[in-house]
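Residue numbers (the numbering used here), protein chains in the order written: chain A, 1 to 304; chain B, 1 to 524; chain C, 1 to 376; chain D, 1 to 327.
Hints should not be assumed to be uniformly reliable.
Said to hold, decoys possible - Cβ pair distances, simulated, as ranges:
hint: 1; chain 1: D; residue 1: Ile-310; chain 2: C; residue 2: Val-47; range: 51 to 57 Å
hint: 2; chain 1: D; residue 1: Val-278; chain 2: A; residue 2: Ser-272; range: 31 to 37 Å
hint: 3; chain 1: A; residue 1: Lys-82; chain 2: C; residue 2: Ile-43; range: 45 to 51 Å
hint: 4; chain 1: B; residue 1: Pro-79; chain 2: D; residue 2: Ile-310; range: 55 to 61 Å
hint: 5; chain 1: B; residue 1: Met-133; chain 2: D; residue 2: Ala-140; range: 56 to 62 Å
Because the hints were derived from the structure by calculation, they are not lab data. No residue lacks a Cβ here, since even glycine has one placed at the ideal position from N, Cα and C.
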Amino acid sequence: DPAVIYDMGGKFDKSFNEAAYNGAERWKKEAGGKGYLDFEISNEAQREQAMRRMADKGANPIVGVGFAQASTVEKVAKEFGKQQFAIIDSVVKLPNVESVVFKEHEGSFLVGMMAALASKSGKVGFVGGMDIPLIRKFQCGYEQGAKYANPKVEVTSNMTGTTPAAWNDPTRGGELAKAQFAKGVDVVFAAAGGTGVGVYQAAKDGGKLAIGVDSNQNHLHPGVMLTSMVKRVDVAVYNLFKKTNPGQLTVLGLKEGGVDYALDKHNEKLVSADMKKKVDAAKADIIAGKIKVADYMADNSCKY
Amino acid sequence: MSATSAGGLPPAVQMRGICKRFGAVQANRDVNLTVAAGTAHGIVGENGAGKSTLMSILYGFYQAEAGSIAIEGREVQIPGSREAIALGIGMVHQHFMLVEPLSALDNIMLGAEPDWRLGAARAVVREKLEALMRDTGLQVRLDLAVEELPVGERQRLEILKALYRGARILILDEPTAVLTPQETEQLFVTLRRLRAQGTTLLLITHKLKEIMALCDAVTVMRQGAVVLDTPIADTSLDALAEAMVGRRVNLGRDAGAAARAPGATLLAVQGLRWADEMGVPRLADVSLDLKAGEIVGIAGVSGNGQTELLAALSGMLAPQAGQITLGGERFDAPGRWLDPTAARRLKLAHVPEDRHRCGMVLKMSAWESAVLGYHRLKRFVGAGGWMKQRAMREATAQWMEAYDVRPRNALLQSSKFSGGNQQKLVLAREALAPETPPQVLLVGQPTRGVDIGAIEFIHGRLRAMRDAGGAVLVVSSELDEILALADRVLVMDRGRIAGELAIEDCTEAALGRLMAGATAREAA
Amino acid sequence: MSRPVELPRWADIGLLPLINLAMALAVSAIVVAVIGLDPVQVITQLVKGAFGTRSGLGYTLYYATTFTFTGLAVAVAFHGGLFNIGGEGQAMVGGLGVAAVSLAFGNSLPAVLMLPLAVVAAMAFGAAWAAVPAALQAWRGSHVVITTIMFNFIASALLAWLLVNHLKAPGGMTVETVAFADSAHLPGMHELLAGLGIEWPRTPLNASLLLALAAAVGVWALLWRLRAGYELRAVGHSPEAAHYAGIHPRRQVMLAMLISGALAGMVGVNELSGVQHKLLLDFVAGAGFTGIAVSLIGRNHPLGIVLAALLFGALYQGGAELAFEVPGFSRDMVTTLQGLIVLFSGAMARVAAPALSRVVMALQPRAAVAAGAAHG
Amino acid sequence: MDDTLIFLGGLLASTLRVSTPLILCALAGLLSERSGVIDLGLEGKMLLSAFAAGAVGAFTGSWPLALAAALMVGVALSMLHGYACVSHTGDQVVMGMALTMIAAGLTIVLGIAWFKQGGQTPALPDAVRLGPQGVALGEALKAIPVIGPVLGLGLAGHNALVYLALALVPGVWWLLYRTRLGLRLRATGDNPAMVDAAGLSVLRLRYGALAMNGVLCALAGAYLVLAQNANFVPHMTAGRGYMALAAMIFGKWRPVAALWACLLFGFLDAVAIRLQGVALPAALGGGQVPVQAIQALPYVLTVVLLAGFIGHARAPAALGTPYLKER
Ligand SMILES: Nc1ncnc2c1ncn2[C@@H]1O[C@H](COP(=O)(O)OP(=O)(O)OP(=O)(O)O)[C@@H](O)[C@H]1O
Ligand SMILES: Nc1ncnc2c1ncn2[C@@H]1O[C@H](COP(=O)(O)OP(=O)(O)OP(=O)(O)O)[C@@H](O)[C@H]1O
Ligand SMILES: [Mg+2]
Ligand SMILES: [Mg+2]
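So here's chain A without its partners, still in its complex pose (with noise of 0.2 Å):
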């Protein structure tokens, strides 16, 4: 049986474990009667011994979801070498791990031009989760995006923290949005997990929109929900259980259906024909190499 391993949050965090929950559960029912195992961390001392229970089983694949799993994998591959593991978010450079990962700055950079295109005050926000090189990624493909769009667009971004704990402060999400809000932000793009959450009630207290991140959001508050940036970690977990490819490295990205924005019948009121048109258009130049997104991971710099 295949195996899956969320991180810290759970796989009911609306975002990014949920996305691989749904990949999982998609997976079982095609699969028809076969069942898959799974676990959720919720301290760092668990890791290990999830991962290695899940190996002792003979759980194949074992697929580690975040980057912080990165070196528990390591470590557990090593060890199991006869059976297959994947992360994902991460590279593992092991002969029996399947690497998966995503370029964010592509899908961020879609909702970056609907955030611009639909701000009236020409302000719009980004709120990340811990910050790291990932998240940065994502703000830096927002801002591509946004000064595409409109090039006069003034980006606000705040970062939660810089510790794992900065993935489920709501509250802490909230007070950074109000303070967008305050210098006249009506977009916010939150990319900050479980935090996220607080992000979008304020929005919807403060009457402003705001973009999901990695799961389809807008199902959340429709009608404050302008967009969500869908991280398609269902479709990886999906794929993986159904076929891993060893040692190798997967890049998803917008021509791989890897990222994108969603729409759907939470937000098509919010989003113009208009919109759609540029951004589709967009879109179709990414796929096409016509538009360079700059990663901020390749140089850990911000240079478009």
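Since chain A is already given, all that's left is putting chains B, C and D with the ligands on it; use the hints.
Below, chains B, C and D with the ligands alone, put in the same frame as chain A:
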């Protein structure tokens, strides 16, 4: 019953067959007490005789296991202080019952506020109190916080508090223990005036003279039971003392003691000064010498610096000025002062006043308490600080044997021994633990709360140490004890040595005058 | 109001703690039932998970190692009359010490020097973190309960700051240092036993277990066999009596807290040198607070603490297994149980005493009467 | 200029929002400690009440019921506190630890069992939340020249609990210093034997103080769930109970001083939130503002105060000692 009993009135208080025990201690056994209305009634007895317990039962603090109470002729139940107050009983406790940060006024009205708004309540109470203060002569500064008031004023405050609540029966538990003689005199004037106004007084005191001076009748308690109940006119100071202790009090001293002249000075103290955090001087220029082969007694009302003197001499407290010479070493204050370890090294032993708090560690076993202070001796501690428990236990067993500590169980928890036996164990330690016998022995309240047999035993041991060439300093608030033991008596008053008397010159009157603040020449 | 009830020693030391523990377990069972699980199944699974396999036992003992350290830390301070709630922070800083020396010297020192150095650093750093509250208590009278709580928060901020800004592995996204060099790895129990020819599954259990047992013996010897411990207990029971005996209460307060902090710091050895081989943020994971519960039910005695640590180790490991096996069970149930144990064995420890005393009296009327007579 | 004013207004608003649970909890701790009962369980009481509000809010969709549930849980925990520590003379410090541990575990256990969202409760609809008050007033205030934006943004448009917390500060002050009950409570914390001798029930006074303490903790918990956020999140109190305790000590057990301490701590928190990731000016050596230092500041300040460097804080004399009376 009593001479001043007004015609026909029922007794203010009638307690019958009161029994109360605390664990193994029978604090009150079948106590009967009748107090005529409008009289002052004294209650005396040794420490632990059960006086406070009896009064606490009357005030509803404790519940008696058996017996009945009638107030002003009516049978009553007193389950709590509230009911006692409602019955017109007021109590001034042995220890102050005041909230220090609150003002005197707030302290008085607490629990009896006439209005739920403090402002309104204060106005009403202030008016009543001013009248009350005029009537009784009890003057208290109502707006100062209690912590700023001197003890005498706090004592008046306590009485005022009881009277404000409408007390017709006023219990005073050792009200003069902390008062100066002048304050005591002032208090007695007030008490007489209250009695004249019809208040019934119940006075507990250890000072028999006060009983004779104020009371109309007196009850003597011993070991929880009443042993004497008599109008004051039918008794005398000596008779009361005898009743308290249970046999003729032998004020006489042991025969062999006197004549021998004291030897070399073993401990010399000059110019000790120490003031507490509030700046009140507790030791004021105290100088004294202790010579080989003598027992020096320190007499005085407790709280006049005796505790601090013992602490300073034993190294537990560093005075702010003064010097001490012990075993050929000199210590100066401030700067280098004796510490308890050095004191023991220089053969000074110390039986502390407060054996419960200082003399032993109640939670530890007897052998652990028995080596306290001597736990660093070579014969008790081996290499690397390893304690030789066998040696400690064996030594403890020997000391218990020598000083007749009962039960002879070195493993028993220290708190499980009775007061007298605890005291004997501490004394045994101080006499026997040092490698060579102590040269100087400081003893605080050697027989407080100790029974007669043990008193005799302890006195005998102290004399034996003296006869062996030691210098003994005894601090005691019991004059009898001083008179029985000492070769020379120093009297302390407000932190200073008020005077010195050779034992031949000691009469209770002379000592009493010194304790009350007279100079030595006036006293003699 | 109730008055203190005297119980025979066997009942006081043996029976009452068991009754309190049983009450805590009973309430936990109710909670388990309320969330729709079968208490009996949960308990059997828990015991099986903790002791049923060698690997489970390994994890149990590994957790117990940490709890022994923090439990002993609480107990030593307690005997000195101090309630040290700062085990959590002291453990964090102890781990910082381990990481500091392991990262600085791991590549240059051989294991025989490196590992003792790590142990010393853990103890020194933990002790140093306890020293400030201790000194404030001794000289300024600042209540050690409050200051150690504050120091827990300060420690966690300090650790986060150092890790994020100075110690984080360059380029990595997780807040952790690079791995320690091999010489700074404490051998795992499986390696040690393999050396003796015994096969043992690979678990986090490592040589720290031996250190913890040594620490327990050491604490016992200190408290009940050494002069220093005698003085410490004297101060804990009665500062006045200690002062009378020429013992310096301040020095003892410092000593108690330094030893306590050093023991808490040892958590860093078990968790970092022994298992993680790197410094990360949350490696203490509440063990400092668990130490309070461990010490409470261990009656502040090293033997009791080792047993209580084993109990809590079993709860943690069994809880983890349950979380794997039983859907809907989360390890927070163990936190709840831990809280209930602190409640019943600590705050409400004497609530059952009057009833127990009546039962004991009823069971042995003659003995009780005789004891009463001996007193009177 | 305008930006600065808006920043200040936002900061003021944020300070008030962040301080509110601190103020409520500090007052709760103050009432209990003034009566002589140490409360290290503020964190736990707040957390469990927050969960109650979140869970009942999610089940019933009614904010009065959610609030009532929080109050019931808060008061029940306080009564348990009283049963253990007042009636049975249990150790008050240990009790606080126990309450906090139980709350930390139980909220997640029940949350997972009932809502299956990793311990969170579902997001509450607007009807279950406490909305802003005085928005119009805020707009009016903004019209004032210069300081208008600061006042309008900062003071108006908060929810009712923010204003209630602020109003409770003089309320508690008045209770303590202007009423009979307050006098009795203060006396109980200082000398329970005297209160007993005055014919009052120490037991009843301490239970009374604890009941108020429970209500205030519950309000703080409810605020977190019904006002500041829209659901319960595990560990969402995040040490606020201890911070409130620190503020209470920092305020030397006095309501108004405690308010200032709470506002200071809240202000520091609001500043820390805004300074996250902000670069220090080059004059200060560049690099990032050490946010952790700002976060640790309240705790450091409290230790400094306790060490007596800022004048001595005098705790109620009988704090922590159970009142035992032989009968
Ligand atoms: N609360 C208590 N618990 C246990 N024993 C007590 C308690 N109160 C008093 N006792 C014991 O009861 C006995 C009588 O005590 P009580 O205080 O009535 O004596 P007293 O005559 O007032 O003594 P003193 O002259 O020292 O004030 C003593 O043996 C005392 O130790
Ligand atoms: N306040 C108190 N609380 C609890 N126990 C007490 C209290 N006072 C005394 N005791 C205990 O009561 C017992 C008797 O104490 P007390 O000091 O009255 O000695 P005693 O019975 O008079 O002994 P002895 O006759 O040897 O002097 C001892 O076990 C003592 O520990
Ligand atoms: Mg008395
Ligand atoms: Mg006696």
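Quick rundown of the hints versus the structure:
no., hint, in the structure
1, D:Ile-310 - C:Val-47: 51 to 57 Å, "53 Å, holds"
2, D:Val-278 - A:Ser-272: 31 to 37 Å, "35 Å, holds"
3, A:Lys-82 - C:Ile-43: 45 to 51 Å, "36 Å, violated"
4, B:Pro-79 - D:Ile-310: 55 to 61 Å, "47 Å, violated"
5, B:Met-133 - D:Ala-140: 56 to 62 Å, "58 Å, holds"
When held up to the earlier numbered hints, the structure conflicts with 3, 4 and fits the remainder.
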